[in-house]
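Visitor: Residue numbers (our numbering): 70 to 425.
Certain hints may be false.
Here are the simulated DSSO-like pairs of lysine-lysine, each with C-alpha atoms no more than 27 Å apart in a straight line [to be verified]:
hint : residue 1 : residue 2
1    : Lys169    : Lys232
2    : Lys271    : Lys281
3    : Lys281    : Lys218
4    : Lys218    : Lys166
5    : Lys82     : Lys166
6    : Lys347    : Lys166
7    : Lys335    : Lys166
8    : Lys169    : Lys73
9    : Lys83     : Lys218
10   : Lys192    : Lys166
11   : Lys232    : Lys271
12   : Lys271    : Lys169
13   : Lys237    : Lys218
14   : Lys169    : Lys274
15   : Lys259    : Lys237
16   : Lys82     : Lys365
In case anyone wonders, no lab produced these hints; they're calculated from the structure.
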Amino acid sequence: MNLKLPIGIDDFKKVIQRDYHYVDKSMFIVEVMEASAETLMVTRPRRSGKTINMSMLHNFFDESRPENAALFVGLAVQQSHLWDHRGRYPVIFLTFKDLKSLTCEGFIDLFAAMIAREYRARKYLLDSLDEWDAEDFQAVAREQCNEAKLMNSLAMLTEYLAKHHESKVILLIDEYDSPIHTGYANGYYKQIALFMRGILGKVLKENPVLEKAVLTGILRVARESIFSDLNHVDVATVLNHSFSDKFGFTEAETAALLEQAGLGDKRQEVSDWYNGYKVGETTIYNPWSILNYIDKHQEGFRPYWVNTSSNELIREQLLHAPSEALDGVQEYLQGNERDDFTLNVSDHCSLLVRID
């Protein structure tokens, strides 16, 4: 069977409407809403399906697109008690992945332009604002506000939306850590950490109009850097059980894909090549590798994931790591398992789990 595979497509709506094969992750919606914490952070490796899951949340909850309910017909979430929450909330969906600059000033300009677009797309909010709020709204929309106001702009937008719609707001931020990576690589980490702390602290800390906030990224940035004032963020890393089967393909999902593609006899070889993650207690396959292998199986097995992006941060940390950390890495590469490997490496190479 020839499967229409969504390789490189992370827009949930496009995947469904264009009839690409979709591995149902819609119960992620239920897990998000049932989570005790108001603010959730999920960190996963590259190409694990973070963006398409965030796009799915956006399409499910966004009150401005009631027609999106059709996208979820036949998916698991339709049978859940959360089905009645579809189209109920104003949603802000941002991605920081393209906000890359050689300077902090350049990043701030890119952020200002992104927020201005969000404001201009919601110019109807001016109808419910008083003259002072309307003045602030216009300043942000025209990219004419100062840096302090810019750091508060996301929090202000949640307030304006909640007031106009008489509803709490859902905030989605994809690749929240991308500016931190870029700032570290280009020598302005301290400046960007301060700026990001201002943005996220203002919108996430004790914000009464937030229903849920979900952030995704590759790394967990240390609480003492940009989350110093936030004690209520629930972080789900690859070491936790939360959302363990919602990013990437499980063994059962991978086996089903291979069977549907007529490649069921390749399961063991696929496992040998692409079985690279343990999230909580769940074995996870990277979707990028699996989809590319199925699509190009005539070419044999290839390391599809390896060239998807730079490992500059890890390389930089390892170059300055003490010998005991490098010994642990060397043993791991030689196939020797050590229970203290993760602890030793994370202690000495802070960027593997955080940026300090």
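Visitor: For each hint, tell me whether it holds in the structure or not.
Guide: Here's how the hints hold up against the structure:
1. Straight-line distance between C-alpha atoms of Lys169 and Lys232 comes to about 33 Å, which puts the hinted pair past the 27 Å bound.
2. Note on Lys271 and Lys281: the hinted pairing holds, with a Cα-Cα distance of about 15 Å set against a maximum of 27 Å.
3. Distance restraint check for Lys281 and Lys218: the Cα-Cα separation of roughly 23 Å lies within the 27 Å cut-off, and the hinted pair is therefore satisfied.
4. Distance hint between Lys218 and Lys166 is fulfilled; the C-alpha atoms sit about 23 Å from each other, no more than 27 Å.
5. Proposed proximity of Lys82 and Lys166 is supported: the alpha carbons are some 20 Å apart, at most 27 Å.
6. For the hint pairing Lys347 with Lys166, the CA-to-CA distance comes to about 25 Å; that is within 27 Å, so the pair holds.
7. A C-alpha spacing of about 35 Å is found between Lys335 and Lys166, which places the hinted pair above 27 Å, so the restraint is violated.
8. Between Lys169 and Lys73 the alpha-carbon distance is near 32 Å, which puts this suggested pair outside the 27 Å criterion.
9. Restraint check: the Cα-Cα separation between Lys83 and Lys218 comes to about 35 Å, which exceeds 27 Å; the hinted pair is violated.
10. Between the alpha carbons of Lys192 and Lys166 the distance comes to roughly 25 Å, so the proposed pair stays at or under 27 Å and holds.
11. Simply put, Lys232 and Lys271 have alpha-carbon atoms about 18 Å apart, close enough for the 27 Å limit, and the pair holds.
12. Under the criterion of a C-alpha separation no larger than 27 Å, the hint pairing Lys271 with Lys169 is consistent with the structure, at around 22 Å.
13. At roughly 22 Å between alpha-carbon atoms, Lys237 and Lys218 fall within 27 Å of each other, so this suggested pair holds.
14. Proximity of Lys169 to Lys274 is assessed by CA-CA distance (about 26 Å); at most 27 Å being required, the pair is judged to hold.
15. For the proposed pair Lys259 and Lys237, the alpha carbon gap of about 33 Å is over 27 Å, so the pair is violated.
16. For the hint pairing Lys82 with Lys365, the CA-to-CA distance comes to about 25 Å; that is within 27 Å, so the pair holds.
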